[in-house]
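**Student:** Residue numbers (my numbering), protein chains in the order written: chain A, 131 to 493; chain B, 89 to 156.
Keep in mind the hints are simulated off the structure, nothing from the lab.
There's no promise every hint is true.
Listed next, with one range per pair, are the computed distances between beta-carbon atoms [to be verified]: (1) B:Lys-106 x A:Leu-190: 55 to 63 Å; (2) A:Ala-428 x B:Lys-134: 45 to 53 Å; (3) A:Gln-391 x B:Phe-117: 50 to 58 Å; (4) A:Asp-389 x B:Lys-134: 44 to 52 Å; (5) A:Leu-414 x B:Asp-127: 18 to 26 Å.
To give a feel for the contact side, a few chain B residues facing chain A, derived at Cβ under 8 Å [to be verified]: (6) Ile-102; (7) Ser-114; (8) Tyr-126; (9) Ile-130; (10) Lys-138; (11) Ile-143; (12) Asn-145; (13) Val-149; (14) Phe-154.
Even for Gly, the Cβ is constructed at its ideal location relative to N, Cα and C.
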Amino acid sequence: MENLTLSVSEFIDFTNQTLDGAYPTVTIEGEVGSFKVNQGKYVFFDLKDEGASVPCFLSLYNLRMQLEEGMKIIVLAKPQLTNWGKFSLTVLNMRPKGEGTIKKSFELLKKKLAEEGLFESARKRPLPEKIRNVALVSSTDAAGYADFIKILGERWGGLEVSVAHVQVQGMDAPDQIIRAIKYFNQQEELADVLVIVRGGGSQQDLSAFNDELLVREVASSRIPTVTGIGHEIDESLVDLAADVVASTPSNAAQMITPDKQAIYAQNQQSVLYAGEHILRQAELARSGAFEAVERLGAFIVDQVSGKLADVRTLTKMAAGLNPEQVLRQGYAMIKGELTVGSVVEITTSDKIVSAEVKNAKKR
Amino acid sequence: MPKKGKTEGVTAKIDELKAKINWFYSDDFKLDAALECYDEVIKLSKEIEKELEEIKNSVTVLSKDFSK
Numbered sequence: 131m132e133n134l135t136l137s138v139s140e141f142i143d144f145t146n147q148t149l150d151g152a153y154p155t156v157t158i159e160g161e162v163g164s165f166k167v168n169q170g171k172y173v174f175f176d177l178k179d180e181g182a183s184v185p186c187f188l189s190l191y192n193l194r195m196q197l198e199e200g201m202k203i204i205v206l207a208k209p210q211l212t213n214w215g216k217f218s219l220t221v222l223n224m225r226p227k228g229e230g231t232i233k234k235s236f237e238l239l240k241k242k243l244a245e246e247g248l249f250e251s252a253r254k255r256p257l258p259e260k261i262r263n264v265a266l267v268s269s270t271d272a273a274g275y276a277d278f279i280k281i282l283g284e285r286w287g288g289l290e291v292s293v294a295h296v297q298v299q300g301m302d303a304p305d306q307i308i309r310a311i312k313y314f315n316q317q318e319e320l321a322d323v324l325v326i327v328r329g330g331g332s333q334q335d336l337s338a339f340n341d342e343l344l345v346r347e348v349a350s351s352r353i354p355t356v357t358g359i360g361h362e363i364d365e366s367l368v369d370l371a372a373d374v375v376a377s378t379p380s381n382a383a384q385m386i387t388p389d390k391q392a393i394y395a396q397n398q399q400s401v402l403y404a405g406e407h408i409l410r411q412a413e414l415a416r417s418g419a420f421e422a423v424e425r426l427g428a429f430i431v432d433q434v435s436g437k438l439a440d441v442r443t444l445t446k447m448a449a450g451l452n453p454e455q456v457l458r459q460g461y462a463m464i465k466g467e468l469t470v471g472s473v474v475e476i477t478t479s480d481k482i483v484s485a486e487v488k489n490a491k492k493r
Numbered sequence: 089m090p091k092k093g094k095t096e097g098v099t100a101k102i103d104e105l106k107a108k109i110n111w112f113y114s115d116d117f118k119l120d121a122a123l124e125c126y127d128e129v130i131k132l133s134k135e136i137e138k139e140l141e142e143i144k145n146s147v148t149v150l151s152k153d154f155s156k
């Protein structure tokens, strides 16, 4: 090298080749300083710690989280010497580091995307009533994936589940998930639902789901989306952009399938109620027949009773007209001419007497 | 051996069962036809349970590498 004379451009190229061989990419953790966006296209900031600082550059398009002075971040970058002899890091990817920065970055991006209407409830689509094809984005090594598949199998059958195995944490996770979402959305026959699941983890682990490009990809999916990321208390920006949010991977499986155990129970109850209904109807019909017979009986009795009363009255009246009955009451019956000197026959209840008429006067 | 298959048949049976159950509470209900219909309902309910137990999900992990 000592005997080699290079032009300035050659030196810079040589240096960059050396850097590329030694450090194709580096991952560096530091604090953001001197953050600025030039011409609405280029992002510049310094990454620093207590003793040193290095300038960083990236295009605004690749800025996938909201940056502010003082934020702690991890960058994946390519070291480079510019044509002006300035050393800098070209940032390929970045993630917030530490609870405070993660929260701050989350809130800033949430505000920005909310103002664009990405989380509007009017954008949410209902899931199809009958789901048959499921596009699943997850890591097959993750506990959340196993939970999802297990619950799915316990609840329903006949589903065709296509799994895109991706990283669900780390620097590469957002891009892998984005590729998987794009893949499913580019198929000729779309799945009925696209599900993204990942089990619980630290805020740092779950921060992949706050990536701006990933959030936008979920929001623009042609397939209705369901997310089951982390635990009940976790909320990511991807959740906010999804059509349906499940609290966990297991809950995501519950939300896209009917429960066959519940169907069995419901069927059994319906069958039981139908049986009881038949018995009730039969009982009603029987009591209805009894009532009719009873009513007919009562009518007949009423009619017959009326007739009997008439017969009794007539019998009494007839009895009252019988001469023998009158004689038994102390009266007498006289036959013959009632003139002085005539002989008449007097009949009582127990005797017949002949008598001469001694006197006769008008009353 | 668990059966992999479609649930269209079983969902149609679930719909059919619902329709038959609804008949019991409709104006078309007739006591003399109820027992026959009730037998059908029991049979259908058992078939649904059996078929749902037999049909399994199919899970395919895509060979595509999403890291590139």
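**Student:** Between Leu-414 of chain A and Asp-127 of chain B, does the beta-carbon spacing fit 18 to 26 Å?
**Tutor:** holds, 21 Å
**Student:** Answer holds if the nearest beta-carbon of chain A is closer than 8 Å to that of Lys-138 of chain B; otherwise answer violated.
**Tutor:** Since the shortest Cβ distance to chain A is 11 Å, the answer is violated.
**Student:** Return holds or violated for the Cβ distance of Asp-389 of chain A and Lys-134 of chain B against the range 44 to 52 Å.
**Tutor:** Roughly 18 Å apart at Cβ, these two residues miss the hinted range, so it is violated.
**Student:** Interface hint check: Ser-114 of chain B, Cβ to nearest Cβ on chain A, cutoff 8 Å. Holds or violated?
**Tutor:** violated, 11 Å
**Student:** Is the interface hint satisfied for Phe-154 of chain B? The criterion is a beta-carbon contact with chain A at less than 8 Å.
**Tutor:** Hint on Phe-154 of chain B: holds, closest Cβ of chain A at ~5 Å, below 8 Å.
**Student:** Double-check Ile-130 of chain B for me: the hint is only fine if its C-beta lies closer than 8 Å to a C-beta in chain A.
**Tutor:** holds, 6 Å
**Student:** Classify the hint on Ile-143 of chain B as holds or violated, based on whether any CB of chain A lies nearer than 8 Å to its CB.
**Tutor:** For Ile-143 of chain B, the interface hint holds, since the closest Cβ of chain A sits about 3 Å away, which is under 8 Å.
**Student:** Tyr-126 of chain B was flagged as interface toward chain A. Is the shortest Cβ-Cβ separation under 8 Å?
**Tutor:** holds, 6 Å
**Student:** Is the shortest C-beta separation between Asn-145 of chain B and chain A less than 8 Å?
**Tutor:** holds, 4 Å
**Student:** Are Ala-428 of chain A and Lys-134 of chain B spaced within 45 to 53 Å by their CB atoms?
**Tutor:** Since the Cβ atoms of Ala-428 of chain A and Lys-134 of chain B sit about 49 Å apart, the hinted range of 45 to 53 Å holds.
**Student:** Does the hinted range 50 to 58 Å hold for Gln-391 of chain A and Phe-117 of chain B at CB?
**Tutor:** Given about 30 Å between the Cβ atoms, the range is violated.
**Student:** Does the Cβ pair Lys-106 of chain B, Leu-190 of chain A satisfy 55 to 63 Å?
**Tutor:** holds, 56 Å
Consistency with the previously given hints fails for numbers 3, 4, 7 and 10, ordered from lowest to highest.
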